[in-house]
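There are 2 protein chains.
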Amino acid sequence: MLVNAMMLPLVVLSVLLAVTPTIAVWPVPRQYSTGTTPLRLSPSFSIKLSGIDHAPRDLVDAVARTSSYLRKDKLQALVPDRGASSAKVIRGAKSLSSLTVSLTTKGKVRSISEEAIEDVESRVEGYTLTIPADGSAASLRANSTLGLFRGLTTFGQLWYDWDGTTYTLEAPFDIVDSPAYPYRGLMLDTARNYFPVADIKRTLDAMSWVKINTLHWHVVDSQSFPLVVPGFTELSKNGAYSASQVYTPGDVKEIVQYAAARGIDVMAEIDTPGHTSIIAKSHPEHIACFEASPWTQFANEPPAGQLRLASEATTNFTTSLLKAAASMFPSTLFSTGGDELNANCYDKDAATQADLASQKKTLEQALDTFTQVTHSGLREVGKRAVVWEEMVIEHDVTLANDTIALVWISSEHVAAVAQKGHKLIHAASDFFYLDCGGGGWVGQNVLGNSWCDPFKTWQKSYSFNPTANLTEEQSKLVLGGQHLLWTEQSGPANLDPVVWPRAASSAELFWSGPGGDVGEALPRLHDLSFRFVQRGVNAIPLQPTWCALHPGMCDLHA
Amino acid sequence: MLVNAMMLPLVVLSVLLAVTPTIAVWPVPRQYSTGTTPLRLSPSFSIKLSGIDHAPRDLVDAVARTSSYLRKDKLQALVPDRGASSAKVIRGAKSLSSLTVSLTTKGKVRSISEEAIEDVESRVEGYTLTIPADGSAASLRANSTLGLFRGLTTFGQLWYDWDGTTYTLEAPFDIVDSPAYPYRGLMLDTARNYFPVADIKRTLDAMSWVKINTLHWHVVDSQSFPLVVPGFTELSKNGAYSASQVYTPGDVKEIVQYAAARGIDVMAEIDTPGHTSIIAKSHPEHIACFEASPWTQFANEPPAGQLRLASEATTNFTTSLLKAAASMFPSTLFSTGGDELNANCYDKDAATQADLASQKKTLEQALDTFTQVTHSGLREVGKRAVVWEEMVIEHDVTLANDTIALVWISSEHVAAVAQKGHKLIHAASDFFYLDCGGGGWVGQNVLGNSWCDPFKTWQKSYSFNPTANLTEEQSKLVLGGQHLLWTEQSGPANLDPVVWPRAASSAELFWSGPGGDVGEALPRLHDLSFRFVQRGVNAIPLQPTWCALHPGMCDLHA
Chain B
1 MLVNAMMLPL VVLSVLLAVT PTIAVWPVPR QYSTGTTPLR LSPSFSIKLS
51 GIDHAPRDLV DAVARTSSYL RKDKLQALVP DRGASSAKVI RGAKSLSSLT
101 VSLTTKGKVR SISEEAIEDV ESRVEGYTLT IPADGSAASL RANSTLGLFR
151 GLTTFGQLWY DWDGTTYTLE APFDIVDSPA YPYRGLMLDT ARNYFPVADI
201 KRTLDAMSWV KINTLHWHVV DSQSFPLVVP GFTELSKNGA YSASQVYTPG
251 DVKEIVQYAA ARGIDVMAEI DTPGHTSIIA KSHPEHIACF EASPWTQFAN
301 EPPAGQLRLA SEATTNFTTS LLKAAASMFP STLFSTGGDE LNANCYDKDA
351 ATQADLASQK KTLEQALDTF TQVTHSGLRE VGKRAVVWEE MVIEHDVTLA
401 NDTIALVWIS SEHVAAVAQK GHKLIHAASD FFYLDCGGGG WVGQNVLGNS
451 WCDPFKTWQK SYSFNPTANL TEEQSKLVLG GQHLLWTEQS GPANLDPVVW
501 PRAASSAELF WSGPGGDVGE ALPRLHDLSF RFVQRGVNAI PLQPTWCALH
551 PGMCDLHA
Chain Y
1 MLVNAMMLPL VVLSVLLAVT PTIAVWPVPR QYSTGTTPLR LSPSFSIKLS
51 GIDHAPRDLV DAVARTSSYL RKDKLQALVP DRGASSAKVI RGAKSLSSLT
101 VSLTTKGKVR SISEEAIEDV ESRVEGYTLT IPADGSAASL RANSTLGLFR
151 GLTTFGQLWY DWDGTTYTLE APFDIVDSPA YPYRGLMLDT ARNYFPVADI
201 KRTLDAMSWV KINTLHWHVV DSQSFPLVVP GFTELSKNGA YSASQVYTPG
251 DVKEIVQYAA ARGIDVMAEI DTPGHTSIIA KSHPEHIACF EASPWTQFAN
301 EPPAGQLRLA SEATTNFTTS LLKAAASMFP STLFSTGGDE LNANCYDKDA
351 ATQADLASQK KTLEQALDTF TQVTHSGLRE VGKRAVVWEE MVIEHDVTLA
401 NDTIALVWIS SEHVAAVAQK GHKLIHAASD FFYLDCGGGG WVGQNVLGNS
451 WCDPFKTWQK SYSFNPTANL TEEQSKLVLG GQHLLWTEQS GPANLDPVVW
501 PRAASSAELF WSGPGGDVGE ALPRLHDLSF RFVQRGVNAI PLQPTWCALH
551 PGMCDLHA
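So the sequence lines, in the order shown, correspond to chains B and Y. First residue of the first sequence? That's 1 in full-length UniProt numbering, and the numbers climb one at a time after it. First residue of the second sequence? That's 1 in full-length UniProt numbering, and the numbers climb one at a time after it.
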């Protein structure tokens with residue numbers, strides 16, 4: 001059966017899927033065929049790098065990790081008897097002894113880590129994976145080590161365990177795969193609540209299993225400043241929740257390298273000029289309306305406080321800070337934020353009003369200057385700026401053509417952002433916010449609920465159309481998209497269950513392309529969740545186990 | 001300062017609380033005073049049982065656990081500097097060397113475990129705790145070992161850590177405490193998804209920390225039958241998710257004893273006649289509309305299937321099963337369920353129609369017979385029946401006067417249930433369902449959301465009035481209440497974060513009494529959440545850490 005999953009009309013697809021088991025890979029490969037022959041991994045199964053001179057260390061490590069997952073996943077098939085009735089077939093199956101991994105290009109071999117941090121628009125992530133049914137060697141080929149890594153990830157998800165035997169019932173496999181969109185991210189806020197490095201690394205592993213290629217790290221905010229920035233260490237010293245709740249340059253390096261070795265670029269964000277209250281703990285001169293009350297008049301969340309954007313000193317301070325922070329990260333991308341600017345804060349700030357008067361500028365003109373100066377500082381250190389949508393559609397500021405916009409307030413704003421001609425990343429609260437539906441967190445608000453209710457189910461984000469309301473030309477501006485976790489009510493205690501497996505739905509949407517059917521996807525997503533748990537990531541059950549073991553029988557019209 | 005927390009008008013209370021730190025105990029004691037003198041625990045601090053001959057093993061163990069928490073909690077105060085500015089005061093504080101624990105009654109000393117499983121209406125849980133400010137011995141007294149256990153729990157929550165010193169800034173303490181309601185529960189469904197014994201034991205520990213005294217264990221349902229019932233082992237053999245996902249009689253004994261030693265009674269439930277599909281795997285003759293399609297016409301959830309209540313053989317089978325299952329649990333209470341009976345299932349079941357015709361009974365009359373027979377079986381083994389509200393207000397069945405009703409569909413049904421004269425437990429979905437707001441879980445339902453949206457915040461459940469719309473006489477029927485976790489989308493991966501700290505809000509409501517102010521409660525609830533995390537229970541953060549460290553500053557009107 002040859003399935004180009006996202007190209008077939010849904011009706012045809014569902015008929016095909018009703019008669020054969022689907023491939024247990026998430027995101028689903030863009031083109032694949034499977035068979036019905038059982039095949040098991042030989043006890044001496046090995047992954048061999050072929051013809052790769054001086055194989056990069058991260059590729060060798062990725063091979064070792066894949067081998068380890070094959071040995072340790074011990075995931076039983078999600079059928080009522082978990083595989084027992086196939087025991088005889090499995091025992092009698094041919095054995096696969098090896099997977100041969102090779103590059104299809106000549107020349108200097110680059111590491112996964114080098115390729116992962118290339119500009120988002122020029123990464124090469126495709127691969128071809130062939131697994132014959134007769135036990136002869138399987139083959140993984142790609143034009144890049146990053147592509148080989150994606151293929152190894154796929155290979156690691158094809159197998160189940162029964163009684164110590166690692167098997168599939170669906171050989172042969174022929175897979176030709178590459179992503180529909182170049183940007184597939186996950187945003188994590190480490191400022192409202194702090195996450196130890198170990199939590200971030202575990203999250204990076206999980207992200208890599210679903211081929212997410214960017215960690216959008218919203219590292220600081222008004223509530224805390226955990227990033228230790230060389231030259232600006234007073235910010236974290238006075239602004240972190242505690243001396244141990246920080247990310248040192250060594251921590252950042254560890255995280256960035258860990259991510260890159262797993263095909264993930266780290267796009268950091270220092271949100272400006274809003275969301276900066278905590279800077280006042282060490283630089284009160286740069287912050288307007290610091291902890292002003294009632295906070296509802298000065299900020300969207302407590303505590304209030306914004307950079308004095310009309311001040312030349314503050315603009316220079318911010319530029320230096322952004323350059324120093326951005327230089328800690330090898331990514332070509334860096335986000336300067338720009339969301340939720342509160343005009344009343346500046347109206348009531350005497351220093352800002354004096355600056356505006358002396359410069360004969362409006363607030364918008366001052367914001368334009370602030371943005372141009374800070375962004376050109378970033379360009380000096382080789383970064384391409386990323387901003388939240390307000391900077392494109394709410395404010396009248398000059399942005400470089402290559403500036404990327406994150407659409408967050410509503411998916412209905414996508415067309416307006418595209419209209420401005422900037423590349424964009426889907427991050428809309430109505431589809432991709434992982435924190436929605438968790439109840440209100442503001443104090444003394446008995447009946448308060450989540451501002452972006454209801455909870456965004458995986459089905460909802462999976463149903464998103466990345467080019468809705470866009471012209472064909474505008475559609476080319478879409479780089480991809482991501483789920484986002486704002487952490488007002490999340491911390492290490494609930495990181496995994498809030499994120500997984502939901503964030504996998506955007507990972508597939510932007511890898512495999514839109515138009516997937518939630519009914520076809522659900523059994524694969526169960527598979528993924530169970531596999532995550534086997535690997536130590538606390539993905540939640542999406543349904544009663546009974547439903548996971550009886551595909552389709554818990555569907556609405558079943 | 002003497003505070004009888006729930007009796008004071010809110011205005012007076014909030015003024016008092018604005019000027020002094022509140023007691024960091026959850027649930028808040030019903031009567032207490034605190035001071036402003038620092039006091040620390042001596043490195044040689046010990047808890048001494050005084051005049052308790054042959055002290056029960058579980059009391060000795062509880063003392064040891066309390067001592068262990070005092071040593072290991074290492075909870076820093078939730079203030080911006082986490083206690084640093086109090087370091088000098090703490091170092092200079094007087095030391096408390098001992099807590100003397102004694103019973104105020106004479107006669108045979110009963111164990112906590114014996115007292116915990118007494119009839120819900122006759123348990124004695126009150127205690128008096130006095131901690132002088134001058135370092136002289138503290139004193140805990142009660143009429144029961146169960147009361148002493150509650151007092152030890154309180155003692156364990158009064159202390160913070162700074163740099164290895166365990167201290168309070170609020171001595172002396174005078175606490176006189178006892179619960180407002182005798183039933184304070186938590187319901188856990190182990191049928192939709194299975195929870196290992198270790199998860200249940202960890203949950204029991206957490207429950208005991210907030211003085212919850214009943215685990216309502218919804219142990220089996222249509223999806224799986226994990227309970228190994230002596231004489232009916234075929235049910236779990238064919239109905240558990242796997243051979244290892246069961247609760248053996250040994251597991252049950254372990255759980256029951258673990259619970260009782262922590263002051264918790266285990267009220268088990270075998271839901272009948274609905275929610276029993278899985279029984280057909282071993283006894284197809286007893287189940288109507290087994291896995292009938294479309295399930296929406298035969299059950300509220302897949303898979304469909306209900307006990308053939310009009311069949312004498314099925315009635316006898318059910319009675320024997322209930323007696324055997326109930327005999328595994330020492331509690332005086334046992335729930336036979338009775339919710340969500342589907343009439344269409346019986347209308348379409350030829351066997352049931354034939355039984356009804358031959359007996360010349362309506363379905364309601366057959367249900368009455370079924371209920372009377374099964375309940376009298378339970379009485380034979382010493383159990384008092386508990387049922388869901390439909391059995392009281394939707395059906396015309398004969399129930400013993402002492403039958404207890406669980407009100408779940410809506411808090412608006414409480415008055416109707418009380419009207420029938422039965423004792424009742426608050427368990428309403430609009431206040432106490434922990435699973436609401438998590439999105440729809442049924443397959444092929446892209447925009448489906450939680451049927452009981454929105455998410456029930458702790459503030460919402462905390463604001464519940466247990467006697468709303470009840471006469472004074474009817475109010476006496478209220479035994480208490482509980483949070484409930486139905487586990488369609490929960491498993492070991494997210495048990496703690498879904499339950500905690502939210503379930504603590506009903507624990508306080510039904511111990512301390514209603515009328516508490518969420519603004520006063522929030523800092524204590526932060527304290528509790530942070531302490532839970534220190535003790536290994538993954539309670540979620542309710543707010544950004546900044547808010548936890550700045551009480552009141554994230555309130556709506558701050």
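It should be emphasised that the hints constitute simulated quantities derived from the structure, not laboratory data. Among the hints, erroneous ones may be present.
The list makes no distinction among identical chains, and a pair is therefore deemed to hold if it is satisfied within one copy or across any two copies.
Said to hold, decoys possible - List time: in silico DSS-like cross-link candidates among lysine-lysine, alpha-carbon distance up to 30 Å: (1) Lys201 with Lys88; (2) Lys237 with Lys72; (3) Lys348 with Lys360; (4) Lys201 with Lys74; (5) Lys361 with Lys74; (6) Lys281 with Lys74; (7) Lys281 with Lys476; (8) Lys348 with Lys74; (9) Lys360 with Lys74; (10) Lys361 with Lys201; (11) Lys237 with Lys88; (12) Lys72 with Lys106.
Against the structure, the hints come out as follows:
1. Lys201 with Lys88: Neither. Shortest intra-copy (40 Å) and inter-copy (39 Å) distances fail the 30 Å Cα cut-off.
2. Lys237 with Lys72: Between copies, since 27 Å is at most 30 Å while 42 Å is not.
3. Lys348 with Lys360: Classified as within: same-chain Cα gap 17 Å, cross-chain 82 Å, threshold 30 Å.
4. Lys201 with Lys74: both (22 Å within a copy, 26 Å between copies)
5. Lys361 with Lys74: Intra 65 Å, inter 53 Å, cutoff 30 Å: neither.
6. Lys281 with Lys74: between (51 Å within a copy, 27 Å between copies)
7. Lys281 with Lys476: neither (43 Å within a copy, 55 Å between copies)
8. Lys348 with Lys74: neither (62 Å within a copy, 43 Å between copies)
9. Lys360 with Lys74: Classified as neither: same-chain Cα gap 69 Å, cross-chain 56 Å, threshold 30 Å.
10. Lys361 with Lys201: neither (46 Å within a copy, 65 Å between copies)
11. Lys237 with Lys88: So Lys237 and Lys88 pass the 30 Å test across copies only (22 Å; inside, 63 Å).
12. Lys72 with Lys106: neither (34 Å within a copy, 59 Å between copies)
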